[in-house]
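Asks: The listed protein sequences derive, respectively, from chains A and B.
Going by this note's numbering, the first residue of the first sequence is number 2, and it counts up by one from there.
Going by this note's numbering, the first residue of the second sequence is number -6, and it counts up by one from there.
Hints were generated in silico from the structure; no laboratory data involved.
Just so you know, nobody snuck in bad clues.
Cβ pair distances, simulated, as ranges:
no., chain 1, residue 1, chain 2, residue 2, range
1, A, Lys529, B, Phe87, 27 to 37 Å
2, B, Glu113, A, Pro125, 48 to 58 Å
3, B, Ala78, A, Lys529, 14 to 24 Å
4, B, Phe83, A, Phe122, 49 to 59 Å
5, B, Ala78, A, Trp12, 39 to 49 Å
Only some residues are given here: those of chain B computed to face chain A with a beta carbon under 10 Å:
no., residue
6, Trp34
7, Val86
8, Ala160
Residues of chain B clear of chain A, computed beta-carbon distances all greater than 10 Å:
no., residue
9, Glu116
10, Lys118
11, Pro131
12, Asn132
13, Gly133
14, Thr146
15, Leu183
16, Lys212
Cβ coordinates follow ideal geometry from the N, Cα and C atoms, glycine included.
Next come the chains, spelled out residue by residue.
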Amino acid sequence: MSHSGSAWKEWIFTTDHKRVGILYLIGSITAFVVAGIMALMMRIELSAPGGQIGSAQDYNVWLYTHGAVMILGFQIPALTGFFANYCVPLMIGARDVAFPRVNALSVWLFYAGVIVALLTFFIPDPPDLMWTGYPPYSILTSGNTSYYTFTVLLLGFASIAGGVNFITTIIKMRAPGMGWNQLNIFVWCTFAAFLLQVIFVPVLGTAVTMITFDKYLGTSFFNPANGGDVLIYQNIFWFYSHPAVYVIFLPFIGVVFEIVATFARNQIFNYKVCVYGGVWGIVLLAGEVWVHHNYATGLPDWLRVGMMVTTLLISVPVGLMVISLVGTLHKGSISFETPMLYAIGFMFLFLIGGLTGIPLAMVSLDLGFHDNWFVTAHFHYVMAVSGTFAIIGGVYYFFPNFTGKMYNEALGKLGFLLNLIGVNVVFGIMFTVGLEGYPRRYFDYQQFAEMQGANGQMTYGAYFVAAGTAVMIINWLHGAIAGKPCGMNPWKSQSLEWHTPKMPPGHGNWGPNLPQIAPDWSPYGYNK
Amino acid sequence: MKKWFLALATVVTTFALEGVSFAATTKGGISDPAEGWRHLWHEVLIDITIIGIIFAVITFYLIVTNIRKSDDQMGTATPLSSSAALSWAFIPVFLFLADDFFLALKGWDLFRVYRTLPEEGLEIKLEASMWNFNFKYPNGIEVNNDLVVPKGTPVVFKMTSIDTIHAPYFIDHWVKEDVMPGRITHMWILPTKVGETVLTCAEYCGFGHSMMSGKLIIKDPADYDRWVADNAPEPETEPADQI
Chain A
2 MSHSGSAWKE
12 WIFTTDHKRV
22 GILYLIGSIT
32 AFVVAGIMAL
42 MMRIELSAPG
52 GQIGSAQDYN
62 VWLYTHGAVM
72 ILGFQIPALT
82 GFFANYCVPL
92 MIGARDVAFP
102 RVNALSVWLF
112 YAGVIVALLT
122 FFIPDPPDLM
132 WTGYPPYSIL
142 TSGNTSYYTF
152 TVLLLGFASI
162 AGGVNFITTI
172 IKMRAPGMGW
182 NQLNIFVWCT
192 FAAFLLQVIF
202 VPVLGTAVTM
212 ITFDKYLGTS
222 FFNPANGGDV
232 LIYQNIFWFY
242 SHPAVYVIFL
252 PFIGVVFEIV
262 ATFARNQIFN
272 YKVCVYGGVW
282 GIVLLAGEVW
292 VHHNYATGLP
302 DWLRVGMMVT
312 TLLISVPVGL
322 MVISLVGTLH
332 KGSISFETPM
342 LYAIGFMFLF
352 LIGGLTGIPL
362 AMVSLDLGFH
372 DNWFVTAHFH
382 YVMAVSGTFA
392 IIGGVYYFFP
402 NFTGKMYNEA
412 LGKLGFLLNL
422 IGVNVVFGIM
432 FTVGLEGYPR
442 RYFDYQQFAE
452 MQGANGQMTY
462 GAYFVAAGTA
472 VMIINWLHGA
482 IAGKPCGMNP
492 WKSQSLEWHT
502 PKMPPGHGNW
512 GPNLPQIAPD
522 WSPYGYNK
Chain B
-6 MKKWFLALAT
4 VVTTFALEGV
14 SFAATTKGGI
24 SDPAEGWRHL
34 WHEVLIDITI
44 IGIIFAVITF
54 YLIVTNIRKS
64 DDQMGTATPL
74 SSSAALSWAF
84 IPVFLFLADD
94 FFLALKGWDL
104 FRVYRTLPEE
114 GLEIKLEASM
124 WNFNFKYPNG
134 IEVNNDLVVP
144 KGTPVVFKMT
154 SIDTIHAPYF
164 IDHWVKEDVM
174 PGRITHMWIL
184 PTKVGETVLT
194 CAEYCGFGHS
204 MMSGKLIIKD
214 PADYDRWVAD
224 NAPEPETEPA
234 DQI
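Just chain A, with the same shape it has in the complex (with noise of 0.2 Å):
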């Protein structure tokens, strides 16, 4: 079976994981560009006071499309999903996954997910509860929260049938003689993601359950009225969703680090620091950090104070993966093709937004900035672009091993400029707002009228990210279809994933017999 000329059932009823992989890169990338669509007239209507093109009804609407969308549609899938999917049995020199007929059960509950998501623009009462989907508002509302809980639950079991088959594979089904000391920084992102994912998904689910029972069935989980308590609702959303941060976030910087080691030529500095200290020191510290979402809700004083300092010392695995990601340039032979310049749009961005992260961390100041722009704009740097960079950055990279062809390196660049200019006028003119009070999730603003010029500008870097995204899925299809053949390994990377015997990698991977690995090899042993 070869990836050219294949029937539609043979993709649909496909267990080959780079194929898996594929459909979950399609569907994530469509649900990127509908919540983009919905972010550019959320940014149309916000340019002037007043209703521009719809009604408030309309607006909320968008942004509970835009916010779930872009997290359980297009970021988690797109990095537990696709990048898992393709890159991880690469990696570890495995034919496929542990279990491929889980891998495509949990492929087709994600464009379930999806397709439930996406009947929001076509059923009479679409949900307009937020992302988060907090009660008594999702419970009162007149908007269909039963789509907002399945579209979660579909996702959610997608999400649990890859971890436990990714845990297994890391674990059972490593080329013969590779060590743990000897895989990919992404493989580890991906375990420890996929680890998060097992423990905090099914948390999750919980709540937004408890959610539908309440609403639809008549329970009192989170009415006060029958002797329930609206709180403990975002206490469980917090335990899982944050701890969902580290699951997008481990990945995409998973993703950069191996860039940056590709295009520096360059082994990870400190690998084992970064592991062990960085990866690991995250996942220990990703549940006990949760009510840093809830510190102006009245929840008790000393829990707000105990998060403060947990939620801080999220700065030391964090920082630790940084210096190894900064310090993986030092002695390195670099050059700037268009994964690169993403990757390293990244570094900045991602300072930036974790940077922003301290005084948010802090309660006291929090108690000020919570719920206002300036929240909105941390966590676009910081999860939102900074993810979204190191996708595409990531796509960009594995396009040749995937499709078998190269892209237009000048389109990608065009692109690229085009999307750094235009997040950090969006974003950063949205810090300065927050800073002079504004609200987040506000259709209009008439009390707030001095803030027009500044929103005015944001949505002009709206349109620069749209002419940039526009680019890239261009140069994207036209690269699949048209481009020139890549050769074998166009970047000269170390990496297991780009020395199959052919490119892209037919079924099974390698030939008849399965990579050895040396005691001494690396995936990064450039300077040998």
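Fit chain B to the known structure of chain A by using the hints.
Replies: For chain B alone, coordinates are given in the frame of chain A:
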């Protein structure tokens, strides 16, 4: 190696001592949390700007000094020795920890100011609903959305909601706290400047969320007393008078 640790110890001790001394100097009188907020934000802004510039300059420097010169050039880094690897772990960890605990102490100190309700003050009951803030004064005055308070007197809010979660947010005072059915939450502000600032809702509450807004009107005590006299509810006529 010894010099390194000496320098490190000095930095850590300085950070820690300054944090402790700051925490110990909390004033006994009423201090304005909003003033503390602005002060702390400026300190943290300096802190993160310095860290940011250090990282950005190093990254930029490493990029421009390691550009590939020929197509077959490889990176030349060699594995770190164990002591170098551990130093590159423990020194940054200690620096990060020092800064973290320093910031945590400062953050906690200001948080105490925010969360310690002044005993003498104007206590106002706030009941939020979609999409309205209702304020009740101790003397029976009831207003919606536009709150009038005297300069110089702390205002303490006891707050709840009758439908969903809202968050009254006094923009100029950098404070907010969620209100929700089934719980009573509290916060306080110290009005220090005569004038009008925005009060708005910070927690998403549906269709009218962005319109759920009012003003905080701070008056001189004399003006405030006049306002109270003009707006005080009619005293209820005693049944005895009618007989």
